[in-house]
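With the hints as constraints, model all of the structure from the sequences given.
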Amino acid sequence: NAGVMQNPRHLVRRRGQEARLRCSPMKGHSHVYWYRQLPEEGLKFMVYLQKENIIDESGMPKERFSAEFPKEGPSILRIQQVVRGDSAAYFCASSPRSGEQYFGPGTRLTVT
Amino acid sequence: GIQVEQSPPDLILQEGANSTLRCNFSDSVNNLQWFHQNPWGQLINLFYIPSGTKQNGRLSATTVATERYSLLYISSSQTTDSGVYFCAVDRSYSGGGADGLTFGKGTHLIIQP
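Chains A and B supply the protein sequences, listed in that same order.
Residue numbering for the first sequence follows the working numbering, starting at 1 and increasing by one per position.
Residue numbering for the second sequence follows the working numbering, starting at 113 and increasing by one per position.
Hints are computed from structural coordinates only; laboratory data are not their basis.
Incorrect hints may appear among the rest.
To be verified - Straight line, CA to CA, 30 Å or less: simulated BS3-like cross-link-like pairs of lysine-lysine:
#1 B:K166 <-> A:K27
#2 A:K51 <-> A:K27
#3 A:K27 <-> A:K44
#4 B:K166 <-> A:K44
#5 A:K44 <-> A:K62
#6 A:K51 <-> A:K62
#7 A:K71 <-> A:K44
#8 B:K217 <-> A:K44
#9 B:K217 <-> A:K62
#10 A:K71 <-> A:K27
#11 A:K51 <-> A:K71
#12 B:K166 <-> B:K217
Quick caveat: nothing in here was measured; it's all calculated off a predicted structure.
The following block contains the structure:
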């Protein structure tokens, strides 16, 4: 049973470009979560999604960030017009209906 | 929102030593998890333990939900135990399904040979 998969593992973008981060949950998991780990800060919850629904986006910045989990395919975290402050590790986690969350290896975004 | 405090923030031990890491949380929770973030940045699940006691090899954990704390015990430490240990909780969520986790700031553990 494959774990949570994220790609790319490393992503470099210039200021103003768009970043797209992908997450495939574990088989049988219908709940997906995105977290961000900024340098010198802890892990912060961003958004919680189920298939075709955003359940809780209270941790998402109001502008430039969006997330989706379509009926088919991976969950996508999209960051438009990236700035240097977006440089961070972005982790995806998945869980079954309720309970333990399992984390992917993360995508390390560097904005130059 | 819920507050999660971990102690100590930093811990340096010799190989073979035992340690206890603490996590206090400010409200009732549905879910409590302990993670190890290794030097490569990967988050490894250690325990899912909203209450009670669990053991896995040299590691064990206890959560006393009524007193809002959890403890992680590491015995006979090895250099590969080095890294950051995070406690994370989710709020009691009435809508079904697990909520987003709130993480503590972590305990940075260094095991010296």
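Restraint status (C-alpha distance of B:K166 to A:K44 at most 30 Å): Holds, because 26 Å separates the two Cα atoms, which is no more than 30 Å.
Restraint check for B:K166 with B:K217, where alpha carbons must lie at most 30 Å apart: The hint holds at about 23 Å.
Agreement of A:K71 and A:K44 with the hint, judged by alpha carbon distance not exceeding 30 Å: holds (26 Å)
Hinted pair A:K51 and A:K71, Cα distance within 30 Å: holds (6 Å)
Hint consistency between A:K27 and A:K44 [alpha-carbon to alpha-carbon, up to 30 Å]: holds (25 Å)
Restraint status (C-alpha distance of A:K71 to A:K27 at most 30 Å): holds (14 Å)
Agreement of A:K44 and A:K62 with the hint, judged by alpha carbon distance not exceeding 30 Å: At roughly 15 Å apart (the allowed maximum being 30 Å), A:K62 and A:K44 satisfy the hint.
Proposed proximity, A:K27 with A:K51 (alpha carbon, max 30 Å): Answer holds: A:K51 to A:K27 is near 13 Å, not above 30 Å.
Straight-line alpha-carbon gap B:K166 to A:K27, limit 30 Å: holds (26 Å)
30 Å limit on alpha-carbon distance, applied to hinted pair A:K51 and A:K62: The hint holds at about 22 Å.
30 Å limit on alpha-carbon distance, applied to hinted pair B:K217 and A:K44: It holds: about 10 Å lies between the C-alpha atoms, which stays within 30 Å.
Given pair status - A:K62, B:K217, alpha carbons within 30 Å: holds (24 Å)
Hint check: no violations occur; every hint is consistent with the structure.
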